[in-house]
Amino acid sequence: MKTLIVIGGPTASGKTGLAIEVARYFHTEILSADSRQCFRELNIGVAKPHHSQLEEVKHHFINSHSIHDQMSAGIYEKYGLEKLNEIFLKNDIAVCVGGTGLYIKSLCEGIDEMPEVDKQIEAEVHALYKEKGITYLQNEIKLHDVQFFQNSEIQNPHRLIRALVFKKSNGISILEYQKKAVQKREFNIQFFALDVSREKLYQQINNRVDIMMEEGLLEEAKVLYSFKDLKPLQTIGYRELFDYFENKYSYNEAVDKLKQHTRNYAKRQMNWFRHQGHFQWIEPIFQNIINHSSL
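The sequence shown begins at 1004 in the working numbering and counts up one residue at a time.
Hints in this document: simulated from the structure, not taken from any laboratory. Take the hints with a grain of salt, since some may be wrong.
Claimed, not checked - Computed beta-carbon distance windows for the label pairs: (1) Ile1175 to Glu1222: 38 to 48 Å; (2) His1030 to Ala1130: 48 to 58 Å; (3) Lys1270 to Lys1231: 21 to 31 Å; (4) Lys1122 to Tyr1028: 20 to 30 Å; (5) Asn1255 to Thr1138: 20 to 30 Å.
Said to hold, decoys possible - For lysine to any residue, the following SDA-like pairs were computed, each having C-alpha atoms within a straight-line distance of at most 25 Å: (6) Lys1005 to Glu1044; (7) Lys1061 to Ser1075; (8) Lys1270 to Asn1209; (9) Lys1187 to Met1117; (10) Lys1203 to Glu1217; (11) Lys1086 to Ile1175; (12) Lys1270 to Ile1175; (13) Lys1203 to Ile1090; (14) Lys1225 to Ile1214; (15) Lys1225 to Lys1187; (16) Lys1225 to Glu1249.
Using N, Cα and C, we set each Cβ at its ideal position, and we do this for glycine too.
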């Protein structure tokens, strides 16, 4: 039977390098499960694999879409299953790697179409966000949806608005609703999550941000600034630098905020993966995949 090897975990934990090793070993291809690396206009700020890595192993859902395209877990599910079908025609094994838990969940378990939300509530939340800023959204989410606050990215206003409107419209957390969709796939799935100590992970995050800045993230953000209101750019790595351009922070403060927000996001990613229950936690070493898999 065909098998999908899923490699998840927090940002900067070594997922990309490990996935490439595994894909090379099995002579197969990689499906990304990163909600931002699919956008071809974004590069340094989303820690996209280098050109040499993309040439070494074929990747799907990297540079596949534009920031002007609509993207969601449901769209990813359809795209991902189509790509897996293509891979499984040539190989018995495929590799999926990424840190966007909802995308992994939609690919492996399916996701229902979201119910309608109250348009009046949606308009009110948007208006209050414009008036009071992201802090208002964060406080409201913390008050009304602790589960989302503790397990999801809270630096992205679009996701906060969506979650808050959903909770106020339907009475349950958007995360609880997403748990209801479970569909049997026609392939085996082996789940791995990378186990890195918090101290080491945070140091790797800080180092990565420093490297991003050296590689030209500031210049990349300047080019993208005119698109700052698009959903893909309301995220960590760009929003902090946009705030610097708007004189909300000094340069050093913006870089420190970027590191802090990335560390916070990594902590939420770890919480999400640990709550799933079916992931095997391993150190990011290639042989651990081989030792713990049934292949």
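Evaluated hints:
For Ile1175 and Glu1222, the Cβ-Cβ distance of about 43 Å falls inside the hinted range of 38 to 48 Å, so the restraint holds. The hinted range of 48 to 58 Å is satisfied by His1030 and Ala1130, whose Cβ atoms lie roughly 54 Å apart. Roughly 26 Å separates the CB atoms of Lys1270 and Lys1231, a value that falls within the hinted 21 to 31 Å. Hint check: Lys1122 to Tyr1028, Cβ distance near 51 Å, so the stated range 20 to 30 Å is violated.
For the pair Asn1255 and Thr1138, the supplied restraint of 20 to 30 Å holds, since their beta-carbon distance comes to about 22 Å. Restraint check for Lys1005 and Glu1044: not satisfied, since their Cα atoms lie roughly 34 Å apart, outside the 25 Å limit. Of the pairs offered as hints, the one joining Lys1061 and Ser1075 holds, with about 23 Å between alpha carbons and a cut-off of 25 Å not exceeded. Between the alpha carbons of Lys1270 and Asn1209 the distance comes to roughly 14 Å, so the proposed pair stays at or under 25 Å and holds.
Proposed proximity of Lys1187 and Met1117 is supported: the alpha carbons are some 20 Å apart, at most 25 Å. At roughly 21 Å between alpha-carbon atoms, Lys1203 and Glu1217 fall within 25 Å of each other, so this suggested pair holds. Restraint check for Lys1086 and Ile1175: the C-alpha separation of about 33 Å exceeds 25 Å, so the hint is violated. Straight-line distance between C-alpha atoms of Lys1270 and Ile1175 comes to about 23 Å, which keeps the hinted pair within the 25 Å bound.
Taking the CA atoms of Lys1203 and Ile1090, the gap is near 35 Å; set against the 25 Å cutoff, the hint is violated. Between Lys1225 and Ile1214 the CA atoms are separated by roughly 17 Å; this keeps the pair inside 25 Å, and the hint holds. About 45 Å separates the Cα atoms of Lys1225 and Lys1187, which puts this hinted pair outside 25 Å; it is violated. Our distance criterion of 25 Å between C-alpha atoms is met by Lys1225 and Glu1249, whose separation comes to about 11 Å.
Hints 4, 6, 11, 13 and 15 from the earlier list are contradicted by this structure; the remaining hints agree with it.
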